[in-house]
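The hints should help you fit chain B onto chain A, whose structure is shown.
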Amino acid sequence: MTMTREQVLSKIQEVLVDALGVDDDDVTPDATLMSDLGAESIDFLDIVFRLEKAFGIRIPREELFPTESLMNNKEFIQNGKLTSKGLDEMRKLMPHTDLSKFAKDPDINKIGDLFTVSALVNYVETKLKNAA
Amino acid sequence: MRWIWIDKFLEFKSGESAVAVKNVTLAEEHVHDYVPGYPIHPECLMIEGMAQTAGILVGEARNFSEKVILAKVSRAAFFDVVRPGDTIKFHAQLESISGEAAGTTGKITCEDKVVAEIDMMFSHIDRNLAGKRFPEENFVFTDTFDALISGFRNQKAAETGK
Chain A
2 MTMTREQVLS KIQEVLVDAL GVDDDDVTPD ATLMSDLGAE SIDFLDIVFR
52 LEKAFGIRIP REELFPTESL MNNKEFIQNG KLTSKGLDEM RKLMPHTDLS
102 KFAKDPDINK IGDLFTVSAL VNYVETKLKN AA
Chain B
8 MRWIWIDKFL EFKSGESAVA VKNVTLAEEH VHDYVPGYPI HPECLMIEGM
58 AQTAGILVGE ARNFSEKVIL AKVSRAAFFD VVRPGDTIKF HAQLESISGE
108 AAGTTGKITC EDKVVAEIDM MFSHIDRNLA GKRFPEENFV FTDTFDALIS
158 GFRNQKAAET GK
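Chain order of the listed sequences is A and B. So for the first sequence, the numbering used here puts the first residue at 2; every next one is plus one. So for the second sequence, the numbering used here puts the first residue at 8; every next one is plus one.
Any given hint could be a false lead.
Computed Cβ-Cβ distance ranges for the label pairs, DEER-style [to be verified]:
{"hint": "1", "chain 1": "A", "residue 1": "25", "chain 2": "B", "residue 2": "76", "range": "27 to 33 Å"}
{"hint": "2", "chain 1": "A", "residue 1": "132", "chain 2": "B", "residue 2": "153", "range": "38 to 44 Å"}
{"hint": "3", "chain 1": "B", "residue 1": "120", "chain 2": "A", "residue 2": "92", "range": "24 to 30 Å"}
With a cut-off of at most 16 Å between alpha-carbon atoms, the simulated EDC-like pairs for lysine to aspartate or glutamate come out as follows [what the hints assert, rightly or not]:
{"hint": "4", "chain 1": "A", "residue 1": "111", "chain 2": "A", "residue 2": "53"}
{"hint": "5", "chain 1": "B", "residue 1": "120", "chain 2": "B", "residue 2": "87"}
{"hint": "6", "chain 1": "B", "residue 1": "79", "chain 2": "A", "residue 2": "69"}
{"hint": "7", "chain 1": "B", "residue 1": "96", "chain 2": "A", "residue 2": "69"}
{"hint": "8", "chain 1": "A", "residue 1": "54", "chain 2": "B", "residue 2": "102"}
Read the hints as simulated data drawn from the structure, not as lab findings. As the structure is a computational prediction, the values presented were derived from the model and not from experiment. We put the CB at the ideal spot given by N, CA and C, even for glycine.
Chain B extracted, bound-state conformation:
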């Protein structure tokens, strides 16, 4: 199993917003293990899905030159459960970004219903943690994440001619 909790991006507006989708299926073991006998997609993995959606949005805004890590879940409110067969959408909005960090707001929808609202802070770790040094390669944005937005990157390249 890969630690990736979104299936693909539906929209990607550089430096502004992104929408990713996840299909929840009965074949996934975690839906059975969270509450035995009551298969649902756990809230903590929805937070991870939002962190991946918003984190990629933050990383792309600086052309993946920063190592972006989730630093704080400012707010997480859940209004409904997500069951196998549901398709959920992660809508992330980049609210603020500086050299050191970024703030995002987001909601998760299932059809037209809002099932969660999640706001986050991300840290550019090379510029924080009191000068602590990390490996040079960007270990946050691996090929798996890169593949998720490659379609949008090609589209951007076609638009800008670069």
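Bound-form chain A, shown alone:
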């Protein structure tokens, strides 16, 4: 049976409450995993494990949080900002993420803010659709 977006969101909220020890109310679609919900690097791996279990999907390394390959490529970053080539690469790697606001000032320190609850919902919805 296909899950609705609301059902996916609700399950992701449960995952984040368990993984990050936050209240349900804090896990809004716009909440950022790092700034708003306090996620640290090990939490991202915890979230991946829990999402795999909750939705019965496989999440390859770097697919959901693919910033490492961007950060390690000098062609993609100049003076602390993503180059246009870097932005293009990011669009390819993160189709589940809304980059419109970030693209105006692609400061690498703001990359963490791209990981929102709704980006997770987009990602899981696509994975479920592809698996169906």
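Chain B only, in chain A's frame:
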């Protein structure tokens, strides 16, 4: 005193689960020091015991090729105290494992009673921490820990003929 908070493994299913046991005795100084006048085995050392049980389970799953460190206590709930004379069992389950990390769930029982539930995340540190380099030798799994599962390793070798 050695920093080891389990006495032996009772069960070890590679890549799946493990059960370790600890006997708490009045001879151990820490039971007197934690709450003076009320000897109990501290909760923090139960967390350490679970980290050792689950950590060895995680390490063995990759043949101790990774340096496994406790990265996160996802959940720890305690339901009763553990006193001298009690024998507690650490039941650890390997829930997920990848190149970078592993997740475990676990409970501690005393006779048939659940005294704690503890879930953890472990990091394979050579693959994390932004490429930071560590000594080549596996300083996590020392001979002390190796001795704990040597019996199960011999059993596995006998079964597989290797």
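Here is how each hint holds up against the structure:
1. For the hinted restraint 27 to 33 Å between residue 25 of chain A and residue 76 of chain B, the CB-CB distance of approximately 31 Å keeps it satisfied.
2. Take residue 132 of chain A and residue 153 of chain B: their Cβ atoms lie about 42 Å apart, and the range 38 to 44 Å holds.
3. Distance hint check for residue 120 of chain B and residue 92 of chain A: the Cβ-Cβ separation is about 55 Å, which falls outside the suggested range of 24 to 30 Å.
4. Proposed proximity of residue 111 of chain A and residue 53 of chain A is contradicted: the alpha carbons are some 27 Å apart, above 16 Å.
5. Under the criterion of a C-alpha separation no larger than 16 Å, the hint pairing residue 120 of chain B with residue 87 of chain B is consistent with the structure, at around 9 Å.
6. Using a Cα cut-off of 16 Å, the hinted pair residue 79 of chain B and residue 69 of chain A is violated, with the two alpha carbons roughly 22 Å apart.
7. Taking the CA atoms of residue 96 of chain B and residue 69 of chain A, the gap is about 41 Å. The hint is violated against a cut of 16 Å.
8. The straight-line distance between the Cα atoms of residue 54 of chain A and residue 102 of chain B is roughly 9 Å, inside the 16 Å bound, and the hint therefore holds.
In summary, the structure is inconsistent with hints 3, 4, 6, 7 from the numbered list given earlier, while agreeing with the others.
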